Amino acid sequence: MSSLNAHASLAPAFFPSAGRQLFGCLHEPQGDPQERAVLLVAPFGHEAVRSHRAFRRLAGKLAAHGLTVLRFDFTGCGDSAGDLNDASWDIWRADLASATRYLRSQSRCRRITCIGMRGGANLALQVGVERGEFDQMVLWQPILEGAQALEHLRAMHRALIDQCGGSPTTSESSQASLGPAVGEEELLGYAYPSTLIQQLEQLQALPVPGAPASRVLLVDNGQSSTLGALESELRTHGVDVESAHLPDAEIWHEEVYKALLPHPSLQTMEEWVTRS
Amino acid sequence: MNAPESTRSSAQPTLAEHALTLGPTRMVGILTPSPRPRDLPAVIIPNSGLVPRVGPSRLSVNLARRLAAQGYPTLRFDHAGVGDSNPRQDDLSFDQCALEEVGHLMDDLERDYGLRRFVILGLCSGAVTAFKAAGLDARVAGAIMINAQYYETDPEWNHHVATQQIARHYWTRSIFRPSAWWRAITGRIHYRVLIHVLLRQARGLFRKDATVQQVKDRLASHLRDLAQHETPLLILNSEGDIAQDYLRIILGDELDRLTESGSIELRNLADTDHTFTLLANQERLSEIIEEWMEKWFGGTAESS
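Chains A and B are the protein sequences, given in the same order.
Under this note's numbering, read the first sequence as residues 403 to 678, first letter to last.
Under this note's numbering, read the second sequence as residues 9 to 312, first letter to last.
Read the hints as simulated data drawn from the structure, not as lab findings.
A quick note: this is a predicted structure, and the numbers were derived from the prediction, not measured.
Treat each hint with caution, since some may be false.
[Claimed, not checked] Which stretches of chain B does chain A cover? Using the computed rule of at least three CB atoms under 8 angstroms from a CB of chain A, they are: (1) 25-37; (2) 139-151; (3) 157-168; (4) 249-262.
[As the list claims (entries may be wrong)] What follows is a list of derived Cβ distance ranges for each label pair: (5) A:E553 <-> B:A170: 30 to 40 angstroms; (6) A:R510 <-> B:T219: 57 to 67 angstroms; (7) A:D564 <-> B:E295: 34 to 44 angstroms; (8) B:L144 <-> A:H665: 48 to 58 angstroms; (9) A:Q625 <-> B:P186: 30 to 40 angstroms; (10) B:L107 <-> A:A651: 40 to 50 angstroms; (11) A:S616 <-> B:E295: 50 to 60 angstroms; (12) B:E108 <-> A:Y659: 15 to 25 angstroms; (13) B:Q222 <-> A:D564: 17 to 27 angstroms.
Note that beta-carbon positions come from the ideal geometry of N, C-alpha and C, so glycine has one too.
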């Protein structure tokens with residue numbers, strides 16, 4: 403079995419966050435360890451599983467440069483404790499801070515680069531401004547308007563219901579023990595609690611109240627660039643901002659079986675993070 | 009196996025989960041032990057295709073926690089090269105690796121946790137792994153197959169089933185729908201596909217494809233063996249899913265007889281997609297699995 407040697411060292415583990423346990427995968431640095439570690443912040447709900455492969459690949463690329471990398475699951479997502487109906491935006495912000503602490507303790511690095519995708523990018527942006535713990539940050543297609551993102555999710559969910567012959571999926575119409583409970587909204591197989599729905603409805607990327615990091619890369623996979631206003635806003639806070647408009651598949655919405663990898667985006671992030 | 013770290017889910021406070029690395033390639037898995045240790049088999053949940061071990065819409069996480077609460081320690085894991093697990097460095101096909109990897113998991117779970125009997129529960133490609141592992145390894149006490157597809161990678165075999173599925177769709181659904189006829193009249197259908205399917209069906213009336221027949225015989229023989237040895241097997245298919253076509257083609261007229269044999273149970277579930285995305289469908293699926301597990305192995309959520 404010598405040919406089966408694992409080629410990269412990866413440590414799966416649980417770590418605590420406000421009384422809950424979060425699952426994380428720590429990619430240990432290969433070669434000479436760098437003085438910077440990287441925290442990858444995945445989206446939530448169906449987008450988490452659909453972006454997993456890209457994040458796994460990115461983590462491996464960065465670890466090959468000697469960086470310690472942590473991927474983790476928010477409360478109610480992936481392998482972490484609880485269900486989505488245990489989650490709220492505030493709990494996820496606390497989770498992100500806990501993951502940062504865990505990465506710092508494991509890597510012994512003071513400088514942390516944070517890479518967030520979609521809702522994970524919004525959380526990284528907020529926590530970065532509040533806590534000032536990240537020296538650089540990649541915001542990969544952050545959600546600009548939460549209400550709009552929710553509408554898109556609802557449209558995808560309605561299409562799924564049609565495909566399934568119009569099965570009941572709202573709390574009002576569901577049978578006693580089937581489907582989401584009262585006060586929840588089902589979106590693509592996840593029961594979102596009403597508090598989280600309200601928080602997502604109100605989510606806005608702008609305005610940004612301060613600098614989330616001294617250096618920021620914006621990655622935009624849309625067919626037309628949408629992050630210009632965010633870029634300008636970050637500059638007003640003295641942030642060194644770069645933008646990469648790389649029209650590509652929106653992997654967070656694509657079915658996993660397609661096995662899509664956004665190579666140009668991954669390469670751009672790898673080069674940007676390791677350049678500094 | 010590397011030293012496990014444990015957690016306690018606040019949603020199900022009695023369940024402590026362990027993050028593990030298993031087998032020579034250090035596959036990543038999460039073990040949910042039962043809060044009430046009993047002499048019940050453990051459940052192993054492989055990947056559904058390329059979906060990471062949490063499963064589509066987190067289905068595997070939810071199933072693992074429910075089954076553990078019922079008394080069955082449950083492991084969800086990533087095959088080498090899928091999810092968090094590193095790829096293998098050899099050139100074996102997935103078919104060849106999958107069963108070997110399940111064997112490694114059972115070895116590790118037996119050595120480190122004293123688990124000796126297993127039920128393999130899989131969706132899509134995971135269902136095929138469950139099917140093949142049953143009967144191959146004496147430690148496998150049962151299998152749950154959800155929407156099993158392909159079974160073997162032979163392209164002729166899979167093309168044959170895909171063609172049969174399209175033909176079934178034409179003969180049982182499109183032919184009765186005015187909108188389908190309207191699309192045909194107005195040229196908005198794939199004529200090439202239609203002609204190809206009809207020709208292939210006609211050809212099949214006179215000539216049996218040897219490769220297809222071999223695969224079919226092999227799979228049918230394995231199913232007969234499972235029935236003969238009374239290995240409990242639960243087959244769950246979404247209505248309209250190609251999994252139904254695979255099963256019908258493998259067993260033909262034998263399907264009803266085998267599923268009435270006692271140990272093999274077949275359920276076709278209406279109004280659900282391939283991965284049981286909607287919560288109501290996940291709930292329905294979970295309840296059927298829990299009832300079946302209780303029937304064959306005796307675990308209950310209330311028992312202590």
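Tell me the hint numbers this structure goes against, listed in increasing order.
2, 3, 4, 7, 8, 10 and 13
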